[in-house]
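Asks: Residue numbers (our numbering), protein chains in the order written: chain A, 1 to 159; chain B, 1 to 586.
Because the hints were derived from the structure by calculation, they are not lab data. Since this is a predicted model, take the numbers as computed values, not measurements. Beta carbons are placed, not taken as given, at the ideal position from N, Cα and C, and that holds for glycine. There's no promise every hint is true.
Stated by the list, open to error - Simulated restraints, written as ranges between beta carbons of each label pair:
1. B:Thr520 - A:Ser103: 27 to 33 Å
2. A:Asp110 - B:Pro133: 32 to 38 Å
3. A:Gly106 - B:Arg569: 32 to 38 Å
4. A:Glu143 - B:Asn424: 15 to 21 Å
5. A:Glu43 - B:Pro334: 33 to 39 Å
6. B:Gly110 - A:Gly101: 46 to 52 Å
7. A:Gly35 - B:Gln60: 37 to 43 Å
8. A:Glu105 - B:Gln60: 45 to 51 Å
9. B:Pro334 - A:Glu105: 39 to 45 Å
10. B:Ala50 - A:Thr5: 30 to 36 Å
Spelled out, the chains give:
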Amino acid sequence: MDAATQSLIADAVNNQPQSTVTVLSSLLAVEDAIGYIPKEAVEAVASRMDATVNDVWAVATFYPNFRFDPPMEHRVEVCWGPSCHVMGAGRIIAAAQDALGLSDEGDTPDGKATLRYNTCLGACAHAPVMAIDHHLAGRVTPESARDRIATALQSAPSH
Amino acid sequence: MAISTTTADFDSILAEAERRWQALTNGDRPWVRVGTGLAGEAAGGFEVVAAVNAVLAERQIQANVSEVGTLGLCFAEPLLDVQMPNGPRIFYRNVTPQIAQRIVSQHVTGGEPVSEHVLGYLGDAGAAQDGIPDLNDHPMLAQQQRIALRNAGHIDPSDLYQYIANGGYSALNKALTAMTPDEARQEVLTSGLRGRGGAAFPAGVKWGFLAGNPDPNKYILCNCEEGDPGAFNDRGILESDPATVVEGITIAGYACNANRGYVFIRHGHNQPIDRTRAVIEQAYELGLLGQNILGSDFSFDVEVALTGDSYVSGEETALMEAIEGKRSMPRYRPPFPAQVGVFGKPSNINNVKTLAYVPEIVARGGEWFAGIGTRPDPDNRINGSSGTAILCLSGDITYPGLIEVPLGMTFRQVLFDMAGGVPNGKSMKLLQTGGPLGGVLSASDANLDLVLDFDVFRAAGAILGSGGIIVCDEDTCAVDLTRNLIAFCQYESCGKCFPCRMGMSHLLEILERISNLEGTEEDLALMRNIGENMQAGSLCGHGQLGFNPVSSALRYFGDEFEAHIRDKRHTGDCPEQVFSPKLTRR
Ligand SMILES: Cc1cc2nc3c(=O)[nH]c(=O)nc-3n(C[C@H](O)[C@H](O)[C@H](O)COP(=O)(O)O)c2cc1C
Ligand code: SF4
Ligand code: FES
Numbered sequence: 001m002d003a004a005t006q007s008l009i010a011d012a013v014n015n016q017p018q019s020t021v022t023v024l025s026s027l028l029a030v031e032d033a034i035g036y037i038p039k040e041a042v043e044a045v046a047s048r049m050d051a052t053v054n055d056v057w058a059v060a061t062f063y064p065n066f067r068f069d070p071p072m073e074h075r076v077e078v079c080w081g082p083s084c085h086v087m088g089a090g091r092i093i094a095a096a097q098d099a100l101g102l103s104d105e106g107d108t109p110d111g112k113a114t115l116r117y118n119t120c121l122g123a124c125a126h127a128p129v130m131a132i133d134h135h136l137a138g139r140v141t142p143e144s145a146r147d148r149i150a151t152a153l154q155s156a157p158s159h
Numbered sequence: 001m002a003i004s005t006t007t008a009d010f011d012s013i014l015a016e017a018e019r020r021w022q023a024l025t026n027g028d029r030p031w032v033r034v035g036t037g038l039a040g041e042a043a044g045g046f047e048v049v050a051a052v053n054a055v056l057a058e059r060q061i062q063a064n065v066s067e068v069g070t071l072g073l074c075f076a077e078p079l080l081d082v083q084m085p086n087g088p089r090i091f092y093r094n095v096t097p098q099i100a101q102r103i104v105s106q107h108v109t110g111g112e113p114v115s116e117h118v119l120g121y122l123g124d125a126g127a128a129q130d131g132i133p134d135l136n137d138h139p140m141l142a143q144q145q146r147i148a149l150r151n152a153g154h155i156d157p158s159d160l161y162q163y164i165a166n167g168g169y170s171a172l173n174k175a176l177t178a179m180t181p182d183e184a185r186q187e188v189l190t191s192g193l194r195g196r197g198g199a200a201f202p203a204g205v206k207w208g209f210l211a212g213n214p215d216p217n218k219y220i221l222c223n224c225e226e227g228d229p230g231a232f233n234d235r236g237i238l239e240s241d242p243a244t245v246v247e248g249i250t251i252a253g254y255a256c257n258a259n260r261g262y263v264f265i266r267h268g269h270n271q272p273i274d275r276t277r278a279v280i281e282q283a284y285e286l287g288l289l290g291q292n293i294l295g296s297d298f299s300f301d302v303e304v305a306l307t308g309d310s311y312v313s314g315e316e317t318a319l320m321e322a323i324e325g326k327r328s329m330p331r332y333r334p335p336f337p338a339q340v341g342v343f344g345k346p347s348n349i350n351n352v353k354t355l356a357y358v359p360e361i362v363a364r365g366g367e368w369f370a371g372i373g374t375r376p377d378p379d380n381r382i383n384g385s386s387g388t389a390i391l392c393l394s395g396d397i398t399y400p401g402l403i404e405v406p407l408g409m410t411f412r413q414v415l416f417d418m419a420g421g422v423p424n425g426k427s428m429k430l431l432q433t434g435g436p437l438g439g440v441l442s443a444s445d446a447n448l449d450l451v452l453d454f455d456v457f458r459a460a461g462a463i464l465g466s467g468g469i470i471v472c473d474e475d476t477c478a479v480d481l482t483r484n485l486i487a488f489c490q491y492e493s494c495g496k497c498f499p500c501r502m503g504m505s506h507l508l509e510i511l512e513r514i515s516n517l518e519g520t521e522e523d524l525a526l527m528r529n530i531g532e533n534m535q536a537g538s539l540c541g542h543g544q545l546g547f548n549p550v551s552s553a554l555r556y557f558g559d560e561f562e563a564h565i566r567d568k569r570h571t572g573d574c575p576e577q578v579f580s581p582k583l584t585r586r
C-alpha cells in the first residue's frame, strides 16, 4: 500500500469530526476517504478503538456497503425495492447488466465499473431509480439507463 | 463536543431571525428556491441549481438562490419558484436546465412569469390576476394539514435563522421559561401523540419510563434509519426542516431530564445528514444546544450517528448496537431501553416524525393536537389516533409524493381525490403499506373505505406504520410482488436467530418456485408452517412480522397463487426473468 493511501486512512480514522467515535464510524470514515476497507484500515481502526482485528472484521462484513478491494472507477446502483420493482426495476437491472457486460452484481473485468443492487435509494416517488457515482436519477428507462452508464464510462473516475 | 459560548436571550435571536427573513422576502432581490432533496436530486434538481447560478453569474444579476427540501409534489420535481420582492411565490414544474435559463432571463430579470411551465402561486393573491392558479387549490395540497411538514419546501433547511423566523424554537423557549419538565411531558400525553415508527405507542407514556429513571446520564435517540423501501418521509423531514426534529429532541430531553441526543441516519443519504449537521452546529452557536440552553440550567448535546446498510438497524435495540459501532443485531429484552439503552445508559427512542410534531404540540398545546384525527371507540378496540398521517405515495399513481393529512381521512380520499388515482386508464389492484413487513391489501371498496387510523388498519390486517403506500395497478402480479417483498426480508435478516434467517430463505425459495410455475399444493401449507415458526420463534419484529407479506397476499390474492400452482399460469405482467439478489449478510 502506498504512503498516500496510508495517510488518508490514518487521517480518516484519527480526525473524525463527531464526538462519538466507534468501530463503525471509523470504518465509514475510511470508506468515504478511499472507497474501500483494506486490511491496513482494519488494523488502524482496531488500534484506534482498542479492539481486536476480528472485532473490526465482524462489523465490516456485516454491512454490505463495505467493499474490501479498491473501488472501480465508477459505481452504478440500481434499486430493486418494491416501488421500483412495480415500476419496472427488473428491466433497468437487465439494461445495466447489458451495458456493463455483467450477468449479476459485481465489478467489470476491465476495472471500469461496479454494479450494485440497492434495496431503496430513497427517491421512491421517482421510481425506477438508479444512482451513478452516488448521484440519483429517477424515472429511468432501459434506454436512459444505458445512456447514463455510457456517459459515466466516458467521464473521469469518480474519486 | 462544541460548547456554546453565548447565552443570548431568545428575544434577541428572534429579532435577528426576523430581520434576516424580512431582507430575504421583502428586500431588493428576487429569491429563487429549488427543491434538492433526494426526490429533487433524482429529478435533476442540482443541474437546475447549477443552471440558475450560471445565468445569474453570467449576467451579473443579484438574486438569492436557496436549495430547499421537498414540498412533497414529487410528480412536479424539479420544482423551482421565484419570489420577486414583496410578491407571491410562482412555482414552476418539471424544470430542466434550459427552462431554468428562460425563467431567470424572463422572470427573475424581467418580472414576467414563463407561463407555460407555471404550476401555481403561493402567497399574495395578486398573481391570480395573471391567470395563475393558487397552488393551495391543487388536489395534492388542498386537503393537507401540514404540522411536521409546515416548513418543508419553504425554508432553507440549513439555515436555523429561517426556522426561527417561522416560529421555530418558541416551543423550547416556552418549555424552558414557563414549564417544568413534567408539564412539558404532560402536554405530549394530552396530545395523544402515538409513535410514528411502526408500533404507534403513546410517546408521552414512553417518555415517562425514561423520566422516572434517576440516572444522571440519559439519552434521547431519534430514529431515521428508514430502510423501508417506499417510505421517504423521515428523510423528507430531515432534508426539508431538520431543525424541527432537533428542537423536538431537545424538548424531549428537557421533559425526560436527559442530557444527550443522537439522530441516527443511514450513511450515504447526504441531504438529511448534511442539513441536520448544519442546524445542530448553528444551534450550538446560538446557545440552543450545549451548556445552559438559553441561560437556563438545562444542558443538552445532540449529534448525528451514522449506520451502514442494514434495515434491521432501525429496530430499537439494534440501533443502539449500531450507535455503539457494532453489528446491528437486536438485543434480548428485558432489560428495556429505559433501563439499559445505548452505552448501558437509560434511553428513549422515537421516530423522526414523532419528534417533529413535538415543537408544535408544546407551542400550541396538547389539546389542539388531540383535536385532530380520530376519536377512541373502546367497543371496537380503537384507541384513537391523533394528529396527522405523513404518507409517501409511490408506484402506479398519478401524483406520487409526500403528503400530510389529518388522520381519519379515508384511503379513497387520499388515493383518488388527492393523488389522482391510477394513471393510463388502468384500475387499482393492490396497496402495499407500512413497509415490506406491512404486507398487502387489495384495493377493494371495503379497503378503500378504511380510515387512516392505527387501530383500524391493524384490525384490517395491515399496518399504517411508517406511512409508505405503494400503489399497484391491474398489471401487477400479487405472487411476483410477494416474492419481491420476501426477497427484501430475506436479504435484510440480520441472522441472529434461525427461525428468521432460515425461514426467510425457505419462503423465498418456495416463492421463486411458485413464480416460475413450478410450485405445488404442498408449498402453500409449507409456507404457513414456516410462517408460524417465524412468528413464534423470532427475536425481533423482522422475523415476527416477516410472514405478513405472504399471509396477506394469500388472504387477498389466494386465487393468483392457485393460478400459478394449479393452472401454471401467470397473473400479471410478470418479468420474464425472476430476479432476487443472492448477496446476503455474511
Ligand atoms: C425490523 C425493524 C425495523 C425497524 N425500522 C425502523 C425505522 O427504520 N424507523 C423507525 O422509526 N422505527 C423502526 N422500527 C421500530 C423501532 O423499533 C421503534 O419502535 C421506533 O423507532 C420507536 O419510535 P416511535 O415510538 O416514535 O414509534 C423498526 C422495527 C423493526 C422490528
Ligand atoms: S428476527 Fe431476524 S432480524 Fe430479528 S434478530 Fe432474529 S434474525 Fe435478526
Ligand atoms: S424503492 Fe426504489 S428508491 Fe425506494
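Asks: If you test the structure against every hint from before, which numbers come out violated?
Replies: 2
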